[in-house]
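My request is simple: use the sequences and hints to build the entire structure.
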Amino acid sequence: MLGDLLRQKPKETDGVESVIIVDGVPSVGAERIDKLKNVVRKIFKEYGSLINEYYPTNEEGKTKGYIFLEFKDRPAAEEAVRQRNNYKLDKQHTFLCNLFTDFEKYDDVPDEFVAPVPEPYKDLGNMSYYLLDENCFDQFSIIFDGGTTTAIYLNVVPEATEIAKRERWTETYVRWSPRGTYLATFHGKGIALWGGEEFRQVQKFSHPGVQFIDFSPTEKYIVTFSPHVDQRTEEPHTVCHHVGLQWDEMMMMREVCREASPVAAAAAAAAAAAAAS
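Per full-length UniProt numbering, residue 1 is the first one in the sequence shown, and the count goes up by one each step.
Think of the hints as simulated: they come from the structure by calculation, not from any bench. Wrong hints could be hidden among the right ones.
Unchecked claim - Simulated pairs of lysine-lysine, BS3-like, Cα-Cα distance not exceeding 27 Å:
# : residue 1 : residue 2
1 : 204       : 122
2 : 122       : 220
3 : 42        : 72
Listed below in structure tokens is the structure:
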């Protein structure tokens, strides 16, 4: 409630936050400007009515190939830029759209490059430890006790063995990554990834109301979907996240090849080769 009221509080503005610049517009003479304006209005009409539009011309009266469009507010301008940037008008003309305020942002870029501070190394251990299992038993998860308890089992014979169990580990369900490196759990604020021999939390990604997840084949990216949009953060329905692990795959390979059985070592070699590709 308070957040909604604060967002409605009047803010100081210079009046250009709702203006966009469109480059790649056809250069036409005075006799064709009205026709060009009608075409442009039709392309941008779904983002609200245009408050103002300006078509700069040269000494000969021809347009210069770029225009200024003003929308009713900043969100409308941002949506127009997001949806119409790289819009192909015809074979010779492609729109390049930018917010007018972007020019100030790019103008403030410092002349001297400042290298980012590297993040401290975090040893996550051997994330592919399961490849050391000589019998290559599968792991599987079960949610029980009315959805309050989640357990991971090793599918051994004659009876599965529990290797991890936690209460309220997930709020809905869990999902394994394609190679079994991660176990994804769902929470009101986002996704958490777990892995390693003790199933410690590896990473977490914010996406309020998330309900679905999909991994890339190499487990380097995940896509999450939420049917609800948080109006405070304007979080989109679908978000792509990068899964960045700070561990040496070649070190893992050497450990596997030294300790594992020939079958497990071959599987590890194939997995590492696919990850490197």
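Hint check results:
At roughly 15 Å between alpha-carbon atoms, residue 204 and residue 122 fall within 27 Å of each other, so this suggested pair holds. The straight-line distance between the Cα atoms of residue 122 and residue 220 is roughly 17 Å, inside the 27 Å bound, and the hint therefore holds. Taken as a hint, the residue 42 and residue 72 pair is honoured in the structure, with Cα atoms around 16 Å apart against an allowance of 27 Å.
Figure legend: structure checked against the earlier numbered hints; every hint is met.
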